[in-house]
Amino acid sequence: GAGVSQSPSNKVTEKGKDVELRCDPISGHTALYWYRQSLGQGLEFLIYFQGNSAPDKSGLPSDRFSAERTGGSVSTLTIQRTQQEDSAVYLCASSSHVFGTEAFFGQGTRLTVV
Amino acid sequence: DQQVKQNSPSLSVQEGRISILNCDYTNSMFDYFLWYKKYPAEGPTFLISISSIKDKNEDGRFTVFLNKSAKHLSLHIVPSQPGDSAVYFCAAYYGGSQGNLIFGKGTKLSVKP
Chain A
12 GAGVSQSPSN
22 KVTEKGKDVE
32 LRCDPISGHT
42 ALYWYRQSLG
52 QGLEFLIYFQ
62 GNSAPDKSGL
72 PSDRFSAERT
82 GGSVSTLTIQ
92 RTQQEDSAVY
102 LCASSSHVFG
112 TEAFFGQGTR
122 LTVV
Chain B
225 DQQVKQNSPS
235 LSVQEGRISI
245 LNCDYTNSMF
255 DYFLWYKKYP
265 AEGPTFLISI
275 SSIKDKNEDG
285 RFTVFLNKSA
295 KHLSLHIVPS
305 QPGDSAVYFC
315 AAYYGGSQGN
325 LIFGKGTKLS
335 VKP
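Chains as they are written, first to last, in my numbering: chain A, 12 to 125; chain B, 225 to 337.
Pulled out of the complex, with its shape left as it was, chain B reads as follows:
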């Protein structure tokens, strides 16, 4: 039973346009959400996060939106750059400070020049 779902295995976007990566979750106990970026042969690196008490968090070109009623979050990258090409993982903590960290299966983003 997958608690964090990324239904799009891949996404292709033109350089300069917006990339929107989506994530759905099933467990209402999740209270903190994160996005990670992974290049081949490297470990995932943290990108941006959002607490369940917020609906938006912005950091430079990256914005994460959270819709708790829909149990949905999205990552927007504007403008997209070729260096953004990587696999993006959505992750969620539940149980506050005692929680486990659950990942989705990832979405491979390709930004074309």
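Isolated chain A (complex conformation):
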């Protein structure tokens, strides 16, 4: 596609339920990043993929969070047993990772846990 696509754009879920957030990166981009932005906060790094592998998972807040990437393309971020503090905008970005190129962001998924 022309840009990074995230779905759904909005998600309201009940506390304790599992959710899956999807990211379609720009075709050919090898690097993929997940961030989240809580209300009034900055961009919190969650996980980074290079191809299908994740060299850096250090930002995942707890073992309820996991992510995978298949075929070097689509990535899914899964949050199990959601809590109210998981409410945030989840942003995905992709990059060709050729030195000197920027990462492009999707519009984000706004997750609300009620």
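Among the hints, erroneous ones may be present.
Said to hold, decoys possible - The calculated lysine-lysine pairs, modelled on DSBU-like cross-linking and capped at a C-alpha distance of 30 Å, are:
id : chain 1 : residue 1 : chain 2 : residue 2
1  : A       : Lys68     : B       : Lys329
2  : B       : Lys295    : A       : Lys22
3  : B       : Lys329    : B       : Lys295
Just so you know, these hints were derived from the structure itself, not from any lab.
Following the hints, complete the assembly by docking chain B onto the known chain A.
Only chain B this time, still in chain A's reference frame:
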């Protein structure tokens, strides 16, 4: 441990004047720096970048300065316009082509007419 720091959460500037947004970093392995701009309810958009081998990069009204010895970079916007009002994020890559992309917490710029 925050590796990229934007110590000013907000900045207010009069239209036509210069806006200076600052960013400090702690990791000397960072080798490429970027500025992003974010409007509410949108994803961040790339603004300007600079390699660690340079100390200045200019693009229209936007100039980024890098002081490696001080581990400091700044974004200058001249002249500032009301449409520049947004949150500005500083970001850094480290490890060259294998690196992660780390963001600061952002500075909210308000340009008043």
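How the hints compare with the structure:
| no. | hint | verdict |
| --- | --- | --- |
| 1 | Lys68/A - Lys329/B | holds, 20 Å |
| 2 | Lys295/B - Lys22/A | violated, 40 Å |
| 3 | Lys329/B - Lys295/B | holds, 17 Å |
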